[in-house]
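**Student:** Following the hints, put chain H in place on chain Y, whose structure we already have.
Protein chains: 2
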Amino acid sequence: MAEKEFAQKLTPKSQDFSQWYVETVLRAGLADYTDIKGCMVIRPYGYTLWENMRDALDRRIKATGHENAYFPLFVPESLLKLEAEHVQGFAPECAWVTYAGNDELEERLAIRPTSEAIIGSIYARWIQSYRDLPVLINQWANVVRWEKRTRLFLRTSEFLWQEGHTCHRTYEEAQEETLRMLGVYKDFIETELAIPVVAGQKSESEKFAGAQMTYTVEALMADGLALQAGTSHNLGQHFAKVFGIKFLDEDNVEKYVWQTSWGVSTRLVGGIVMVHGDDNGLILPPRVAPCQTIVIPVITTEHRAAVLEKARALHAALAAAGIRTRADLDESKSPGWKYNEWDLRGVPLRIEIGPKDMAKNQVCIARRDLSDRAQKKAFIPEDRMIETVRRLLDEIQTALFNRARDFRDQNTRTVANYAQFRDIIESQRGFVVGPWAGSADDEAKIKEDTKATLRCIPLEQPASVGPCFFTGRPANRIAYFARAY
Amino acid sequence: MAEKEFAQKLTPKSQDFSQWYVETVLRAGLADYTDIKGCMVIRPYGYTLWENMRDALDRRIKATGHENAYFPLFVPESLLKLEAEHVQGFAPECAWVTYAGNDELEERLAIRPTSEAIIGSIYARWIQSYRDLPVLINQWANVVRWEKRTRLFLRTSEFLWQEGHTCHRTYEEAQEETLRMLGVYKDFIETELAIPVVAGQKSESEKFAGAQMTYTVEALMADGLALQAGTSHNLGQHFAKVFGIKFLDEDNVEKYVWQTSWGVSTRLVGGIVMVHGDDNGLILPPRVAPCQTIVIPVITTEHRAAVLEKARALHAALAAAGIRTRADLDESKSPGWKYNEWDLRGVPLRIEIGPKDMAKNQVCIARRDLSDRAQKKAFIPEDRMIETVRRLLDEIQTALFNRARDFRDQNTRTVANYAQFRDIIESQRGFVVGPWAGSADDEAKIKEDTKATLRCIPLEQPASVGPCFFTGRPANRIAYFARAY
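For the record, the sequence lines run as chains Y and H.
With numbering that gives the first Met the number 0, letter number 363 in the first sequence gets 362, and the count goes up by one each step, no holes.
With numbering that gives the first Met the number 0, letter number 288 in the second sequence gets 287, and the count goes up by one each step, no holes.
Read the hints as simulated data drawn from the structure, not as lab findings.
Note that beta-carbon positions come from the ideal geometry of N, C-alpha and C, so glycine has one too.
Be aware that one or more of the hints could be misleading.
[As the list claims (entries may be wrong)] Estimated spans, in silico, between C-beta atoms of each pair:
(1) 416(Y) to 319(H): 55 to 63 Å
(2) 389(H) to 124(Y): 37 to 45 Å
(3) 106(Y) to 63(H): 20 to 28 Å
(4) 476(H) to 382(Y): 37 to 45 Å
(5) 204(H) to 15(Y): 55 to 63 Å
(6) 446(Y) to 149(H): 46 to 54 Å
(7) 124(Y) to 204(H): 54 to 62 Å
(8) 64(H) to 462(Y): 58 to 66 Å
(9) 402(H) to 179(Y): 38 to 46 Å
(10) 248(H) to 179(Y): 51 to 59 Å
(11) 446(Y) to 320(H): 51 to 59 Å
Bound-form chain Y, shown alone:
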C-alpha cells in the first residue's frame, strides 16, 4: 500500500464511530471488501488473529470433551423445511444452489446458514442406544446468510464460525451442556479477548429459530451499542422429533434425544476492534495478537549496521522465548512512520533500539494501550527484556479487560420507568437495566419507540426486584436492553 495512505490520520472515533471502524479494519489489514456483494476477504493479519482466537477456543471445546467433525455445506430444501420455525427463520436469507454444471438439480440445495437440519438428519442414523450418548461434536466452518446491509466482520453474507451440536439422554443433561458452553464462551471472551460480557437468557422473541431456550453473552462496544458475542441453545426435542433422532434407553423404551447447539463467529473480531481500539487504530489483546512485539531500529548513518544487527538479535531472542514478534527493518521508512503503522495495527509492545540505548545496554519498550508519554515508555536493561515483555503483556491483557469492564459498568444504567429508559437510550445508549415482566408485544413496542432490544435476562439476578419498568406489573427479574449491532 502507498505510504500516503498511512500518513493520513484515521477519522477520530468520537467523530464518526462507524467510519473509524471501517477505516481501522481496512487500514490495519484485517479485512477488505470484494466484488461479491456482502462478502469480505479476511487478510493475513486478520486471519492470524482469528487463528489465535480459534485455537484458544478450540482448546476449551476439546477440554470439555468435544471432538471436531465436518458436515456437508449443503442442506436440501426438504430437510430445511422439516422444522417450521427453523425454515421461517433462515429461508429468507438462504443462498440456493439450483444447477450443477449444466444440469438443473431435482431439489434445491441451501448453502448452510447453520447446520441443525443437516446434522440432525445424520445423527438420526448414528444414534441408536443410550450407550451412543452423549454425542459431543463441534464443527469449524463457513456459513452463508444473505444480508441486505453488511458491515465488515459484524454482518457479512459469508462468515466463519464454530457450531457445536450435542445430543443427550435427558433434558437436565442438555441444559447443563447449554450453560457449560455459555460459560466456556464467557471465559474465552473475557480471558482471551479481554471483553467483559453479560451472560443471560434471550427472550422468546429474540431466541434462535427452533430453540426451546437461547442463552447469550452480550458485550458493550465503545459506541454504546451491544454486540451479541455468542449464543448457546437448548434445542429441547424439537429437532429430534422432526429428524427422528431416537435412542433405546436403558429401560428399553425408545426416546427422543435432547439437543443443544452453540456458536461464535468471526464477528468477534469486530468486537475486539470496537471495544479496545482508539483514535490511532487497533489495540489488540496480547493473548490473541498476531504480533505481540514489534522491534524497530532507530538507525543513524554512523551506527546503521550495528543497530540493524542488534534489532535482529532482539527479535530473535523474543522469538526464541516464544513471543510472537516481528522486526520492521525497512530502511525506506522512518521510525516515526513505523510507530504509527504498528500502532494502527494494534501491536501491544514496541521495542525501540538505537545507538544511545545500545551504549547503555538498554532497550526502550512502549505500551500501545497507554497514551500518557511518561507512563507509556520504559527503558529496560537488555538482559531483562524478555521477563519485562512477558510481564507487560500480562499487564496489558488485564488493563484492557479492566478498562473495558469499567466502561461497561459506567454505561450500564438502572431504570425504574419507561421515561427514564427512553431518555437514557436516546441520550447515552449503553445497557439499560430494569425490572421486566413484559410480553413479546411490549418488546416490539419498545423496539419501535427506541430501536432498543432485550439483550438478555442475566443469569445473575438481584435478591429482590421492583415492578416492571414498562408495564408496572410485579416483576421477578431484571432484563438488559440496548441498541445492538
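**Tutor:** Frame of chain Y, contents of chain H only:
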C-alpha cells in the same frame, strides 16, 4: 454402533480392494455417507486425523514464509469466464447459486471449485509496486466440484483442502516457489504420512486448467493404482493478464506478476487408508494418528478395581508425556473385542495390562503394524513404558514408510516397448516407467487402450534414456504411467 457390526470381519483386501476400502473407512469411523449426492461427513476420528495432518502441513507452509487468509466462497460467473482454459476445465462441475432468499441473482455465483479467479481479482487491487511482492498466501477451505461418480475421501463433491496462491516479480522466482512447495508436499507426505511419492511434472494434457506447468507428487496405492497426492502449478502470467495483476517495477516499468498455486486435500486421508491398511483395517502412521496408544485392561473378577485403576494410571502417564492416548474401560466388552476394534481403527500401539502383568510390574505392548505374534508383542517393565512407547512410535513410522517404499519399488517396472507396457498394466498394474517422446494424442491412445495415464515426468531423470517406448522416437526423458484414482 451395535457390537455385531464389529464382530463381523472386513472383506479381505486381496478379495475386493474397493469393498475393503469402503468398509474400512465406514467402520473405523473416518467418514460416512450423507443424503446429499456425493457429499460425505468426516466423522470425529477422521477429522482428528485430518487436523493432525493439517497442523503438520500448516507448520511447513508457515515456515516457508506463507500466511493464511480467507477468501469468499463465491466466484461470480463473469470472473470465472475470464480465463478460457480455466472455465472450460471447471464450469462443467460447478455448483451454481442462482437465488438468495426469494430473489433471483442478477449474476450466477459458482461455489469455488478452486480460487484462482476470485483471488486473482483481489490481488489486482492489493498489488501496485514491486515492494508489495512476493505475495505468499495460503487458504484452508472447502471447495465443491460436482462429481458424477464419487468415492469416500478420494472423490467427493465437496472436499477440504489448502490452496496456496502466490505472486512474484519474475518467472524464476515463481518457478522456484512452485518447486519449493512441491518439495514441501513431498517432505510432508513422506515424513508425516509415511507415503513415498514420486515428484515430477505433468504432461500438457494432464496439467491444471490455466497453468503453464503443473508439478505433482504421485503415490502408489496397495492395489497398484496411482494417487495424485498434491499438485503445484506455475501459472505463468495467464491469470495476471486476465485479472490485471500488475506492479510498477524498480525500473519504473509496469509489469504483470508471475503466479503459482498449489494444493493438497482430504483425499490424502484415503491415501493413508489405501497405502498402509490391512485385512484388519486401518494402520495409521504414528505422527498423525488421532490416538497413538490404546490402553486396554484385562480384567478378572478378583482384581477388577486394581486393574482398572492401573489402566487409568498408565493412560494418565502416557497423556502427561504428551502421547495421544485413550483408555478403553468399557466393561461390557471383552478385551478380545477391543483388540479387534482398535486394530480396525489403526491405533499404532496397544498397551495391555492385567493382574499377571501387575504382579511383575510390567505392561504388554503390541504393535499394530506387525502380524507375527512373536514379534508383535513385548513385555516391558512399567517404568520403561514411556521411553519404549516413544521409541516404538518412531520405529513404526519408519517401518510403515519402508514397507510402502519397498512395495512401490517392487511395483515400479521399466519397459522398452508398448507390448511390455500393455502386458504389465493389464496383469500387474503399478507404475510403468519408460522413455517417452510421445504427444498428447499418443497419451490419449494409451489411455484408451489401457486406462493408464501419464502420471508424471519425474524430476530425477537417468543420465541416458533409450528410444520412446511408444513411438520409438529418440527420447530424452522417462515418464511414469499408471492407472489412477
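**Student:** Against each hint, give a clear statement of whether it holds in the structure.
**Tutor:** Structure-based check of all given hints:
For residue 416(Y) and residue 319(H), the Cβ-Cβ distance of about 59 Å falls inside the hinted range of 55 to 63 Å, so the restraint holds. Taking the beta carbon of each, residue 389(H) and residue 124(Y) are about 39 Å apart, inside 37 to 45 Å as hinted. The hinted range of 20 to 28 Å is not satisfied by residue 106(Y) and residue 63(H), whose Cβ atoms lie roughly 44 Å apart. Take residue 476(H) and residue 382(Y): their Cβ atoms lie about 59 Å apart, and the range 37 to 45 Å is violated.
Range check, residue 204(H) to residue 15(Y): about 57 Å between beta-carbon atoms, so the 55 to 63 Å window is met. Range check, residue 446(Y) to residue 149(H): Cβ separation about 48 Å, and the 46 to 54 Å hint holds. Distance hint for residue 124(Y) and residue 204(H): a CB-CB separation of about 42 Å, inconsistent with the stated range 54 to 62 Å. Evaluation of the 58 to 66 Å hint for residue 64(H) and residue 462(Y) yields a pass: the beta carbon distance comes to about 59 Å.
The hinted range of 38 to 46 Å is satisfied by residue 402(H) and residue 179(Y), whose Cβ atoms lie roughly 45 Å apart. With their beta carbons about 57 Å apart, residue 248(H) and residue 179(Y) fall inside the hinted range of 51 to 59 Å. Taking the beta carbon of each, residue 446(Y) and residue 320(H) are about 57 Å apart, inside 51 to 59 Å as hinted.
In this structure, the earlier hints numbered 3, 4, 7 are contradicted, and the remaining ones agree with it.
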